[in-house]
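Novice: Protein chains in written order, with my numbering: chain A, 1 to 350; chain B, 351 to 550; chain C, 551 to 989.
It should be emphasised that the hints constitute simulated quantities derived from the structure, not laboratory data.
Just so you know, not all the hints are guaranteed correct.
Said to hold, decoys possible - Stretch-level coverage of chain C by chain A, calculated; a stretch enters the list once three of its residues show a Cβ under 8 Å from a Cβ in chain A:
hint	region
1	596-603
2	786-796
3	850-857
Backbone N, C-alpha and C fix where the C-beta goes; we use that ideal spot for every residue, glycine too.
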Amino acid sequence: LAQGKPVKIRVQSVIPTSADEVTMLKEFAKDVEDLTNKSVTFEVLPAGAVVGVNDTLDAVDKGLIEGGFAWTHYWSGKHPAATLFGSPAAGSGVGMDNFAWVSWFLYGGGKQLYDDLWKEMKVNVKGFILQPVGPEALGWFKNPINSMADFRKLRFRTPPGIPGQIYKDIGVAAVAMGGGDILPALEKGVIDGAEWCCPKPDMTFGFHKVLKHYYQQGLHQVVVNADLYINGDVWKKLTPGQQKAIEVSANASLMKTVAYRITENGKALKELVDKHGVILHETPADYFTEYSAAAMKNFEANAKQNAFFKKVWDSQKAFAETAIPFWADAQKSNAALGGAYAAELKKRKK
Amino acid sequence: MSETPLIADDLVAGRRADPPAGMPGDMPRWMATTILAIDRFSLWIGRLVSWLTLPLMGAMAYEIAARYLYTAPTAWAYDISRMLYGALFVLGAGYALSRGVHIRSDFLYRNWSVRNQGRVDTALYVILYFPSLLIFLWVASNWAWTSVVRAERGMDTSWMPLLGPIKSCLPFGILFLLIQGVSELLKSLYAAQKGRWPNA
Amino acid sequence: MSPEFIGLIMVAAMLAGIFVGFPISFTLIFLGLIFGYWGFGELVFYLLTLQFNATMMEQTLAAVPLFVFMGIMMEQANLMERLFDSVQKILAGVKGSLYLAVMFVATIFAAATGIVGASVTILGIMAGKPMIRSGYDVKLSAGLIAAGGTLGILIPPSIMLVVMGPVLEVPVTTLFAAAILPGILLATLFTGYAMLRCLVDPKLGPPLALERRAVGAAALWVEFFAGLVPPAVLVLAALGSIVFGIATPTEGAACGAAGSLLLTLAYRRLTWPRLKDALVKTLEISVLILFLVATSNFFGAVFARLGTPTLLTDALLGLDLNRYVVLFFIMGLIFLLGWPLEWVPIVLIVVPFLLPLVVKLGFDLTWFGILVAVNLQTAWLSPPVALSAYFLKGVVPQWELTDIYKGMLQFMGLQLFALVLIIIFPEIALWLPKLIYSK
Ligand code: NA
Ligand code: NA
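Sequences are here, hints too, so could you generate the full structure?
Specialist: Here is the structure:
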């Protein structure tokens with residue numbers, strides 16, 4: 001069956017092993033181990049265990065570690081198209097949410113382009129999208145913001161790369177800062193707001209201890225995908241059965257992550273609001289129009305400069321043209337359904 | 351009160367005095383010329399590199415002012431500051447070697463005769479220092495070159511600067527270390543033979 | 551042979567190898583390459599490059615050259631003498647007044663700079679002669695100056711804490727906050743000890759000769775406040791910018807460096823040769839620390855790649871000892887290594903090895919960091935490799951090295967006492983960060 005010579009794959013993650021993403025990575029690893037009768041096992045190493053965070057992909061490429069775990073857009077510096085897989089800002093400007101993105105990935109030609117991405121980068125790895133974790137929240141603020149004009153008065157820690165560039169483009173005072181500096185900087189008022197991820201990871205990070213105004217709806221990372229890289233030589237030495245086990249487990253991980261995140265983020269958001277006095281706000285309407293328009297411009301510029309970027313983006317556009325009108329319409333039912341019950345709960349609480 | 355204190359350094363008690371103008375008379379001519387030329391080269395590099403501290407300070411001071419006074423943080427200060435700092439200690443490593451600054455745990459070493467110090471240093475430069483750094487130079491050069499030709503960019507900020515320049519500092523820093531190593535090896539050889547350090 | 555076991559041999563080779571006396575950085579590169587090659591082949595060459603890259607891009611460490619520059623500028627400009635002079639005159643009538651004056655200035659200066667050498671040299675230059683002239687006890691004087699100088703590395707800003715932050719993955723600001731009370735505790739212990747000795751035996755610190763005393767009290771206080779200005783400006787620039795929310799710790803270091811530059815300019819002490827000299831010395835000390843950061847990161851990464859830390863941690867945890875017994879051994883190990891080694895290799899090479907164990911034992915890492923910092927202060931006061939002694943001997947040549955050693959050892963005892971206090975009462979370290987960071 002899926003058995004072959006026992007292989008141990010050490011995976012260095014770019015986040016601490018206590019993070020939620022690692023919990024799901026370990027579930028994936030367990031699935032592979034069970035399917036291969038423990039002939040393929042994984043060991044998750046914390047960020048920085050063997051090489052620095054930014055050198056993780058290089059280390060997998062050279063075989064220093066057998067595997068790495070990050071988000072695809074971490075490697076945008078090696079190829080700009082990585083952002084279209086890891087965190088296409090504003091849904092690549094063509095309205096994809098994370099579900100629609102997975103649809104493009106599995107049935108719209110995305111997977112082939114994803115495999116091509118690593119060839120374009122000239123790195124010897126086999127990648128697997130494991131965890132769609134979007135949409136991420138707009139972020140945390142010291143005081144409420146009611147318009148883009150308010151937003152532009154604040155020093156805001158943005159994500160790096162293209163999503164951050166777009167913030168700069170719309171005039172937000174985007175501050176670059178290492179992860180370890182963010183919380184102290186918020187405490188001291190060096191910055192006035194920041195984004196990280198979504199309720200559960202944000203709570204782990206501890207934003208609510210410093211800031212109380214939380215905005216869920218944002219566009220900069222409405223689609224975010226975490227992925228696993230296995231060294232190409234290690235991958236080729238696996239038996240077809242072992243390879244199939246990893247592929248099947250990766251596909252399973254896509255759905256499991258969505259399910260896990262709804263449960264965990266729901267619990268965390270409830271705790272944030274009920275226990276820690278966090279106040280939820282609606283994101284100002286002009287944010288969506290300004291950010292989308294700027295994202296579109298940024299992508300157009302990138303597509304002009306880079307052929308592969310254009311190829312991937314064109315594929316996403318083609319997919320979106322047929323799929324998004326349907327999906328957006330269907331989403332209305334979902335939003336209306338959930339919205340009705342959430343409103344009912346709110347009423348009961350009063 | 352003396353105007354300039356003798357020691358300003360935290361950890362560099364074993365630091366050498368300023369480079370001498372010449373080498374002892376009983377040193378072979380070629381040896382003296384090589385040592386002096388290399389030491390002068392490293393001194394020149396060191397003086398040049400030492401200025402990096404000022405733009406490092408300036409970049410961050412500018413960022414604070416722009417962010418605090420005008421709510422206009424820069425996209426570049428974070429990356430520029432760490433690049434300058436990284437370049438500083440890598441490019442300055444060869445100069446530091448010429449001044450005996452790389453820390454030794456020398457509580458045994460300092461009690462040996464100069465001849466024995468010279469012998470041990472000679473052996474270790476040949477067996478340990480040059481082979482390790484030559485390998486390092488080879489790998490780091492390829493690595494930096496790859497970054498240059500692929501136009502690799504940084505991904506920690508929205509500035510996304512080209513990484514080729516800072517990555518290239520590493521092979522250059524190692525090269526400077528190797529060059530200074532030749533001078534140190536010759537000094538150790540002299541000490542092993544004559545029982546005196548040429549620059550003591 | 552299993553890779554984990556190769557890692558054990560590597561550590562043994564390291565402990566033996568660095569004591570041969572070749573520069574530690576190159577010994578570490580060599581041993582890492584040899585044992586890494588043995589354990590996992592030529593990949594180790596690439597690991598060396600990637601580890602250097604990671605160190606070169608570590609933005610928090612950009613604070614190191616900046617804090618060093620600040621300390622050296624302050625030292626070169628001789629801006630502390632006014633403060634010392636006035637304090638010494640104000641206290642002239644008190645027994646052991648110079649001890650008080652030294653510790654007062656040492657504590658203030660510790661809050662304005664992050665390096666030890668600068669403090670010890672300045673204090674030695676300023677206090678050495680008056681102490682000799684007034685017949686002060688050599689051992690007590692030298693010990694106090696050396697010990698007071700080491701406060702600079704504990705009381706923020708502190709280079710040691712800047713380097714330790716990334717190692718422990720604790721924000722530097724948290725470590726800074728945690729170090730303040732222990733720093734004050736040590737200053738109090740040092741002063742109390744010296745004054746108590748004087749009380750018992752007044753010969754140790756006789757009152758100052760009459761001509762050293764000043765006449766007008768008002769003028770004296772004016773001098774005192776004028777003397778407070780330079781260190782106050784620096785504290786405001788470096789620590790103030792962080793505390794008041796203008797800057798991150800690294801940026802705070804840049805503010806301090808810029809402040810020291812402006813200060814020497816304002817006092818007309820800035821000359822071209824002095825600036826060039828300060829920059830070159832900054833480069834030397836920065837290379838010393840940062841090159842070793844890079845090489846020991848590489849060495850540690852080889853160790854981790856071989857899998858030895860996991861093996862050792864599991865083995866030690868398997869012994870099922872009380873966690874405070876393990877802590878005692880850890881502290882004992884660091885203290886012993888502090889005799890032959892300086893703090894840099896200990897923070898960078900030894901602490902990362904112990905860290906997985908400390909984490910598994912569930913100790914607070916901020917608290918642990920402060921314990922290590924106080925423990926490592928003794929490394930400056932422990933002969934034969936006690937750099938404070940050489941600095942002091944350099945500026946006060948009249949004092950015998952053996953007397954300086956004997957004096958330092960007394961204060962080393964006080965530091966160990968403080969260490970025990972912080973272990974018994976963790977709040978000494980943890981109260982302030984909790985107060986600041988959990989509103
Ligand atoms: Na300090
Ligand atoms: Na020592």
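Novice: All the hints need checking, so say for each whether the structure fits it.
Specialist: Status of each hint after checking the structure:
1. 596-603: Our answer is that it holds, as 5 residues pass the Cβ test (under 8 Å) against chain A, meeting three.
2. 786-796: Satisfied; 5 residues make the cut.
3. 850-857: n = 3 at 8 Å, threshold three: holds.
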